[in-house]
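Asks: Now for the letters of each chain:
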Amino acid sequence: MYKFKNVYLKDWYTIVGPLESKSNLKNYNQTINDYYYGEKTFEKAEIKMQNNVLDNLLEKNSPELIIGSDLLNQLIISNMSLKNRNIPYLGLYSACASSVGALITLSSMIDSHKIKEGLFITSAHNLTAEKQYRFPVEYGSPKPIRSTFTTTASVGIVLTNKKTSYKIVNGTIGCVVDSYLKDTSNMGGVMAIGAAHTCLRHFKETNTSPNDYDLILSGDLGKAGENIFKELMKRENFILKNYKDAGTLIYQNKDYSGGSGPAVLPLVFLSNIINNKKYKRILLLATGSLHSPTLVNQKNTIPTITHALTIEVIK
Amino acid sequence: MNKEEYLSIVKKYTPKENKIKNYFYAFLVGGLIGFSGELIKKIIICLFNISAKDASSWTSLLVILITCICTGLGFFDNLVSKYKSGLFIPTTGFAHSIMSSSLDYKKDGLITGLGSNIFKLAGSVILYGLISAFIMGIIKVIINV
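Chains as they are written, first to last, in the numbering used here: chain A, 1 to 315; chain Z, 316 to 460.
Same shape as in the complex, but just chain Z (with noise of 0.2 angstroms):
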C-alpha cells in the first residue's frame, strides 16, 4: 500500500472533532477568567486603595496562587480535560505547566528531578517571550530614534 493511499484510508476513518464546541468552550472559559480577573483587580483597587498598575500585579499573582493551589489540590486537569485550552490563557496555564511539573519530578531529586524538569513545558514559553520582547525593544527604540 502506498503512503498516499494509506493517508488518504486513515483520514477517512479518524474521528473529527467538534472544533466549534471546543472553540465556544475555549472563549468562554478563557473570557470567564479575564473576567474575574478585571474583577479582582476592581476589588483590590477599592479595597486597598492602589494604583491600577499595582492592582495588576497582584491580581496576576493571585491568580498564580489559586493555579498553583489547584493544580496542588490536583482538580486542574480535570478541570482542563472538561474546558479545553480557555483554561491555558497564559497566567493561569503557565502556573499550571510549572506545577505540574514540579509535581512530577520532585521525587527524582531536588537538583536532577525538580530543578532540571520546572520548565520542562514553560521553558519555551519563556525562550521564545523573551526572543520577542527583544525584538520589540529594538524594534521601539529604532521607531523612538
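Isolated chain A (complex conformation) (with noise of 0.2 angstroms):
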C-alpha cells in the first residue's frame, strides 16, 4: 500500500460508443453515433477518440508526464494518439486494470514532486477489440451469458498536487494471481480472486474494513464475477454491503454479464459515482484479465491482476 499526501484529481475528459450513450450513463462529455467515428477503420477510430479526449485536456492542462493504455497488442492506439505532442509518455498495460495502475504511478511521481500534474489516457474499442482477442467483427458469433461486453469509450484524467475536491489517499498494486480457468468467456470468474486478493490485501494494509468505504466500486466483474468475489470476502469474514461492479452498473441490456474493458471503471466512476453526494470515501478495484488468445490456445490458465485505490471526496 502506497500513501499519498498532496495528490488530487484536477480534470477528466469523457468519449462514449452508441451503445454506452443509451446506457444507465449520466455525465459524460462527448458521444460518438457510429464505431467508424469519420475515419476508415476501428483502429483510427479509436485513435481519434483518444486524440479528442487529449485535445480537450491539453487545452487547460499541462501535465509533465502522460500514462496511456488500451487493451491492443503494444498498446497502439495510446502510441498513436500520442505521437508528436512532445509531452513525456509511459506506455502501461494491466488490461482492464491499466486505469487504477497508472493513477497509482502519476500519484507516486506527483507526491515525490518530480512532477507537478500527470494525465492519464485510455480507451477501449467494442469491434478492434473483438478482432483481436476473439472473432472477426462481422462474424457475430454468439456469446454465452456469463461473457461480458467490451465499452467503447475513451477517458483521460489529469492529476495534480493543488488542492481540489477530489483526493487520491492511498493505493496499492496487486500481484499476478491465477485464476485456475481457461474460460475466456468467463472473465468474472477470471478476475474475482485477483480483486479478493487486492482486496484483502489493501484492507489488512491500510487497517480498513468494508464499512471504512461509502462505496467500493470494482472495475467489470460483471453480474458472475461480482457474486464470486462477494462470496470470496464473504469466506473472509467481509460482508460487503456497499458494493458496486461498474461493469453490471452500465448496460440496461440483459443479454450479457456486463460491460468490461479499461474505461469503465473511470467512466462509471466519473460520469455516475463522483459527483454523487451519498459517497464520500470511495475504493476502487480495477479488475483486469492478462489472457492473451496465444497461451489460452495453448491449454495455459488465464493470470488475472487487481489494482486498489481509494479516493475521498472534500466538500
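Derived from the structure by calculation, the hints contain no laboratory data.
C-beta atoms are modelled at their ideal positions from N, C-alpha and C, and glycine is treated no differently.
Don't take each hint at face value.
To be verified - Label-pair distances were calculated between CB atoms; the ranges are:
| hint | chain 1 | residue 1 | chain 2 | residue 2 | range |
| --- | --- | --- | --- | --- | --- |
| 1 | Z | 332 | A | 3 | 38 to 48 angstroms |
| 2 | A | 292 | Z | 455 | 35 to 45 angstroms |
| 3 | Z | 425 | A | 134 | 23 to 33 angstroms |
| 4 | A | 84 | Z | 381 | 40 to 50 angstroms |
| 5 | Z | 337 | A | 24 | 24 to 34 angstroms |
| 6 | Z | 459 | A | 292 | 40 to 50 angstroms |
| 7 | Z | 387 | A | 76 | 44 to 54 angstroms |
Stated by the list, open to error - When the alpha-carbon atoms are kept at most 30 angstroms apart in a straight line, the in silico DSBU-like pairs for lysine-lysine are as follows:
| hint | chain 1 | residue 1 | chain 2 | residue 2 |
| --- | --- | --- | --- | --- |
| 8 | A | 182 | Z | 327 |
| 9 | A | 223 | A | 204 |
| 10 | Z | 397 | A | 40 |
| 11 | A | 131 | Z | 334 |
| 12 | Z | 421 | A | 40 |
Reassemble the complex: the two chains are provided individually, in unrelated frames, and hints are given to aid placement.
Replies: Structure, rendered in C-alpha cells:
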C-alpha cells in the first residue's frame, strides 16, 4: 500500500460509444454515433477518440507526464495518439486494471515532487478488441450469457498537486494471481479471485474494513464475477454491503453479464459516482484479466491482476 | 484458496445457458434453411429443366451468394446472435466465416490482410474436411477391392 499526501483529481474528459450513450451513464462529455467515427478503420476511430480526449484536456492542463493504456497489442492506440505531442509518455498494460495502475504511478510521481501534473489516458473499442481477442467483427459469434461486452469509450484524467475536491488517499498495486480458469468467456470468474486478493491486502495494509468506505466499486466483474467476489470476501469474514460493480451498472441490456474494458471503471466512477453526494470515501478496485489468445490456445490458465485506489471527496 | 474450491465457487455463481432453448432455435432455424435450400432446388429443376445434381450445385451457389450479401450488408451477425448456431449449418456458416474475415482484414492490404486472413476461421474446415475426405476415399477403395 502506498499513501499519498498531496495528490488530487483535477480534470477529466470522457467520450462514449453509441451503445454506452444509451446506457445507465449520467454525465459524459461527448458521444460518438457510429463505430467508425468518420475514419476508415476501427483502430483509427479509437485513435481519434483518444486524440479528442487529449486535445480537450491539453487545452486547459499542462501535464509533465502522460501514461497511456489500451487493450490492443503493443498499446498501439495510445502510442499513436501521443505521437508528436512532445510530452513524456509511458505505456502501461494491466488489461482492464490499467486505469488504477496508472493513477497510482502518476500519484507517486506527483507525491515525490518529480512532476506537478500528470495525465492518464485510456480507451477501448468493442470492435477492435473483438477482432484481436476473439472473432472477426461481422462474424457475430454467439456469446454465452456469462460473457461481458467490451465498452467503447475513451477517458482522460488529470492529476495534480494543487488542492481540489477529490483527494487520492492511497493505493495498492496488485499481484498477478492464477485464476485456474481457461474460459475466455467467463471474465468475471477469472478476475474475481484477483479482486479478492488485492482487496484483502488493501484492507489489511490500510487497517480498514468495508464499513470505512461509502462505496467499494469494482471494475468489470459483471453479474457473475460480482457474486463470486462477494462470496470470496464473505469467506474471509468481510460482508460487502456498500459494494457495486461498474460493469454491471453500465448497461441495461441483460443479454450479457456486463461491460468490460479499461474504460469502464473510470467512466462509471466519473459519470455516476463522483458527483453523487452519498459517497465521500470510495475504494476503486480495477480488475484485469491478463489473457492472450495465444497462451489460452496453448492450454494455459488465465492470470489476473487487480489494483486498488482510495479516493476521498472533500466538500 | 485452492484450485478445486475456487472452481466450485465459480461454477456455482456462473449463469447457466438455456440449452434447450438454444437447441430448439438451432434446430428450427437450421431446418428452415435446409428446407428453403430444398425448395430452391425444386424450383430450379422446374424452371430450368436441369438434372437434380446440377440443381444442387446451383442451389449451393445461390445460398452462398445470399449469405455473402447478408454478411456484407452487416445483418447476418445480428441474426447469428439472435438465432445462435442454427445459422452455422455448413454452406451458410462457411460463406459467412470467409466473408466476415475478408471484411475485417481488407483494409490491412490485399496480400498481408485479406489474402493471409480470409481463411482464418474457414481454414480448419477446409483442412480437416480434406483430410477426412482423403481417409474416407482410402476406406472406399479398400472396401471396393
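Asks: May I ask which of the numbered hints given earlier this structure violates, with the numbers listed in increasing order?
Replies: The structure conflicts with hint 7 only, although it agrees with all the remaining ones.
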